[in-house]
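Peer 1: Residue-level listing of the chains:
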Amino acid sequence: MDLIAPLMVQGLQMALVLALAPALTGLTRIVKARLVGRRGPPLLQPYRDLIRLARKDVVLADNASWLFRVIPYMVFAATWVAAALVPTFAKGLHFSWSADLIAIVALLGSARFFQALAGMDVGTAFGGIGSSREMMFAALAEPAMLLMVFSLALSAGSTQLSTVAEFMGGSAVGLRVSIAMGLIALVIVALAENARVPVDNPATHLELTMVHEAMVLEYSGRHLAMIELAASLKLVLYMSLIACIFLPWGIAGEGDGVIAHGAAIMLYLAKLVVGGAALGFFETSIAKMRVFRVPDFLGVALMLSLLGTLLLFVSRSL
Amino acid sequence: MSPVVLLLMASAAQIAVAVAAAFGARLRGAGVAVYGASLAISAFVFVVSLVHLVTAAAPAGVTLPLGLPWIGAHFRLDALSALFAALVGLGASAANLYALGYGRHEATPERVLPFVPAFLGAMTLVILADDAFAFLVSWEFMSLASWALVIAHHHDEANRRAGFVYVAMAGFGTLALLFAFGLLAGVNGDYAFSAMREAARGPTVSAFVLALALLGAGSKAGLAPLHVWLPLAHPAAPSHVSALMSGVMTKVAVYGFIRIVFDLSGAPYWWTALPLILGGAATAVIGILWATMERDMKRALAWSTIENIGVIFAALGLALAFRANGMLPAAALALTAALFHAVNHTVFKSLLFFGAGAVLTATGERDLEKLGGLIHRMPRTAFAVLVASAAISALPPLNGFASEWLLFQAILQSPDLPQWALKIFVPAAGGMLALAAALAAAAFVRLYGVGFLGRPRSEAAAKATEVDRFMQAAMLGLALLCLLFGIFPGYVIDALAPVVRDLAGTTMPGQSWREWFTIVPVSEGRSSYNGLLVFVFVLMSGSMAAWVVHRAASRVVRRSIAWGCGFDEPAPAAQYSASSFAQPLRRVFGTLLLAATEKVDMPQPGDMRPAGHAVTLTDHAWTAIYGRIAGAIDAIAGRLNRLQFLTIRQYLSFVFMLLILLLLALVLWT
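Chains A and B, in that order, are what the protein sequence lines are. Following our numbering, the numbering of the first sequence begins with 1 at its first residue and continues without gaps. Following our numbering, the numbering of the second sequence begins with 1 at its first residue and continues without gaps.
Only chain A is shown next, with the shape it has when bound in the complex:
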């Protein structure tokens, strides 16, 4: 029983994030459509899209290499493993010790690295423009994210996500300036990393305005399905990360029973619904930025997280 329960929780977590990912994307789409007066696609539409894509033939460009065919699975796998390590409804994840928050950030970095390579593989200008811009955004978003991780780790005394969640759920936290700065930085980074509106537009297919979509333009069929699924998973991951760090209430502990876990899952679903609705609302209320305004936007995140970390360093001795 000692080993089985954490393993089951871990397995359930992996299945849950995978199963919920398209629904969250669908929910955001519905909210956005309703806010602009359309009815929008049904909640299950992303699932249907994935199944449709998976059944279609893959059309590969003539000079696509083996790497191009492997990358969708690598991107999916790295994102899924990263998502599996974020406590969503339970802290007692069996494998959470194998990768801490820094490693999760780096796993997402791996996914991005290979996705950008895929954009360069076929040799069209669209893929290149997407990869180039994605790496430019990442050059600012990743240090911002890491500095945010530093300030969390310094507050909680650990880079393990379960421990951080435990700490944030405790009463010792209170209101802290550096954690508030970290929250803003994390939200900005999450918007950029998930190619959401002020940075990128997930719905556009006008070549010059897109970043993520340009990078994956040559993908089709099951490969595209894997990439879309990975993108949805990444959205769930960031949403869960924000939830487990900044809304850590109601996450089941290690020794809790089945009922507590069930309640925690319900609460987690509620958090996701709120998060998805907030994202949809935010996206409709703001316009997309020009590409070279994005560095300023991400620079805000970088500066905020640096300030948060500096404050923690300095306040240690006060």
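FYI, nobody ran anything at the bench for these hints, they're computed from the structure. The beta carbon of each residue, even a glycine, is placed where N, CA and C say it ideally should be.
Quick look at which bits of chain B chain A covers, simulated, 3 or more residues with Cβ under 8 Å:
{"#": "1", "stretch": "392-401"}
{"#": "2", "stretch": "429-442"}
{"#": "3", "stretch": "525-531"}
{"#": "4", "stretch": "579-589"}
Capping the alpha-carbon separation at 25 Å, the derived lysine to any residue pairs in SDA-like fashion look like this:
{"#": "5", "chain 1": "B", "residue 1": "K463", "chain 2": "A", "residue 2": "A125"}
{"#": "6", "chain 1": "B", "residue 1": "K370", "chain 2": "A", "residue 2": "A125"}
{"#": "7", "chain 1": "A", "residue 1": "K288", "chain 2": "B", "residue 2": "V588"}
{"#": "8", "chain 1": "A", "residue 1": "K288", "chain 2": "A", "residue 2": "R39"}
{"#": "9", "chain 1": "B", "residue 1": "K423", "chain 2": "A", "residue 2": "R176"}
{"#": "10", "chain 1": "B", "residue 1": "K599", "chain 2": "A", "residue 2": "A125"}
{"#": "11", "chain 1": "B", "residue 1": "K370", "chain 2": "A", "residue 2": "L67"}
{"#": "12", "chain 1": "B", "residue 1": "K370", "chain 2": "A", "residue 2": "W66"}
{"#": "13", "chain 1": "B", "residue 1": "K370", "chain 2": "A", "residue 2": "N63"}
{"#": "14", "chain 1": "B", "residue 1": "K599", "chain 2": "B", "residue 2": "A624"}
{"#": "15", "chain 1": "B", "residue 1": "K423", "chain 2": "A", "residue 2": "G157"}
{"#": "16", "chain 1": "B", "residue 1": "K423", "chain 2": "A", "residue 2": "L183"}
{"#": "17", "chain 1": "A", "residue 1": "K56", "chain 2": "B", "residue 2": "R555"}
{"#": "18", "chain 1": "B", "residue 1": "K370", "chain 2": "B", "residue 2": "A462"}
{"#": "19", "chain 1": "A", "residue 1": "K56", "chain 2": "B", "residue 2": "R558"}
{"#": "20", "chain 1": "B", "residue 1": "K463", "chain 2": "A", "residue 2": "D62"}
{"#": "21", "chain 1": "A", "residue 1": "K288", "chain 2": "B", "residue 2": "Q583"}
{"#": "22", "chain 1": "A", "residue 1": "K56", "chain 2": "B", "residue 2": "A552"}
{"#": "23", "chain 1": "B", "residue 1": "K423", "chain 2": "B", "residue 2": "A324"}
{"#": "24", "chain 1": "B", "residue 1": "K463", "chain 2": "A", "residue 2": "L67"}
{"#": "25", "chain 1": "B", "residue 1": "K599", "chain 2": "A", "residue 2": "F292"}
{"#": "26", "chain 1": "A", "residue 1": "K56", "chain 2": "B", "residue 2": "M544"}
{"#": "27", "chain 1": "B", "residue 1": "K463", "chain 2": "B", "residue 2": "S579"}
{"#": "28", "chain 1": "A", "residue 1": "K56", "chain 2": "B", "residue 2": "I561"}
{"#": "29", "chain 1": "A", "residue 1": "K56", "chain 2": "B", "residue 2": "A553"}
{"#": "30", "chain 1": "A", "residue 1": "K288", "chain 2": "B", "residue 2": "S580"}
{"#": "31", "chain 1": "A", "residue 1": "K288", "chain 2": "B", "residue 2": "R587"}
{"#": "32", "chain 1": "A", "residue 1": "K56", "chain 2": "B", "residue 2": "W547"}
{"#": "33", "chain 1": "A", "residue 1": "K56", "chain 2": "B", "residue 2": "G564"}
{"#": "34", "chain 1": "B", "residue 1": "K463", "chain 2": "A", "residue 2": "R69"}
{"#": "35", "chain 1": "A", "residue 1": "K56", "chain 2": "B", "residue 2": "G566"}
{"#": "36", "chain 1": "B", "residue 1": "K463", "chain 2": "A", "residue 2": "W66"}
{"#": "37", "chain 1": "B", "residue 1": "K599", "chain 2": "A", "residue 2": "R290"}
{"#": "38", "chain 1": "B", "residue 1": "K423", "chain 2": "A", "residue 2": "L307"}
{"#": "39", "chain 1": "A", "residue 1": "K56", "chain 2": "B", "residue 2": "W563"}
Please arrange chain B on chain A, whose structure you already have, making use of the hints.
Peer 2: Showing chain B alone in chain A's frame:
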């Protein structure tokens, strides 16, 4: 026989091979003979020093009746020198194996063959030296041997210039080290390292020693702003020598720095850490930013070496700060991160230069804008370079991430440092290192994406063929090491433990006995990482996804032309190029840090001349420091030029005046 004697004999054997090569370089089969012999000796050096390191054997010393009379030359093998001798052995073995294939394409072997074994022997001697005289002579020998290799292809004007800048900087560096040792030896003038360790010295002398060590070893390692020679000289040499210079010789420089600052200088002051941490972090950012802009493949790799040296020096600075404040476990962590990163950099940078050499062999091109699509024609090279690119970009589960992770864990220990300056600058340096890591990913997506992916941009790239077995073996072997060091980091950390114990006073907790090869730098509640598990997880979930999709959905593949907005055969020049990939980063970071300016020449409508676009980047170190020094020397030389046209009486009166001055000085002195 004691291991230090074995290693000295190996160095002597390398030099003997070099002498033999000087006479027989034009004979048939000379290349295979020289590189084969050198490979055997390097492998021997690797095994002997690795055994010494892993068994944590007691230091062994020997004094040879060479060099200065009555003093002799002292040599010693302790844990630190064993680690770096093992690195030299590893890098040299790989380079010699590679050169068995690569050397056949050399047009002028007599300019390369004698110097490679001499260079390797000299590096081993630097590491073994136990007195300042032996150290400096070997150091200078190493510099000169590598200088000869830099100008091996001296018909190229750029290479001659690289050689000139290199030899000037190397001479300056040795001079700085000479003064550093002079200060360490003190008034008694005992140049043996054992005597320097015992001597006590005040903060002023320590500050000067640190500054001189930074100038001397830092210039050889490529620390900004002393880096200017490195991106010129490293790429100018033949590729296996570039790999040795970037992968191994910079580590010898790091060794020299550690030896002086951690070992010989005695107890550190906290402020010695500050220039290291800030200089290292700044070097990392500047170096990798240049690497994202550089069109020449080998120069981009040389710039990335500067970045990694910056990371290593920043970690060393953290270790000094912790040690000065008595936080020994944290010092051990930071020092382990620095040494681990040095090991990793030897592995992946050698591999990347081998890859660049393979591309050069296959296409004759180093310019990224003329490459492309090599993954189809050079699959094994492309695979090995892909692994190294991912490793150097610090992606899990490869080795670069393991050392970077340790470094971040060390930074997270630093709020407990009592000094305010460190409290403010360490997190800033942490942010800069994170920025450098993210930029490294961009630089290597660019290098790999433009060089190996896409469509060929030139005839030569379209007709490339895979390189021979020796070169493949060297590259794939190092790629395997990238993976192994990444998924079993605990063994590397434990192997480094004797070095860390000598220099930081304590070690990180033992790692290799932990279940599932997890590494735990401080305590289990604080942080842990398991590269093996991450690797297995990613591999399993990826193959599971592929299996499910192929079983349950579709497995059909159709080939078609790429989407080109209605143009079905777009020219290869329509692809994103290396310069266009770098454009967003240039706009965001380059205008300030690299003084990037663009000039667009757009003809009026009706004008038939082609439009033009030129980008100029400026290295601030050149304009702010070296340009001024060169200008000042020029001006002084111009003024003194008049002295060449005096009469004999005037010259005689100069001699007379000098004599009076010296006599006066003597009188005043006593």
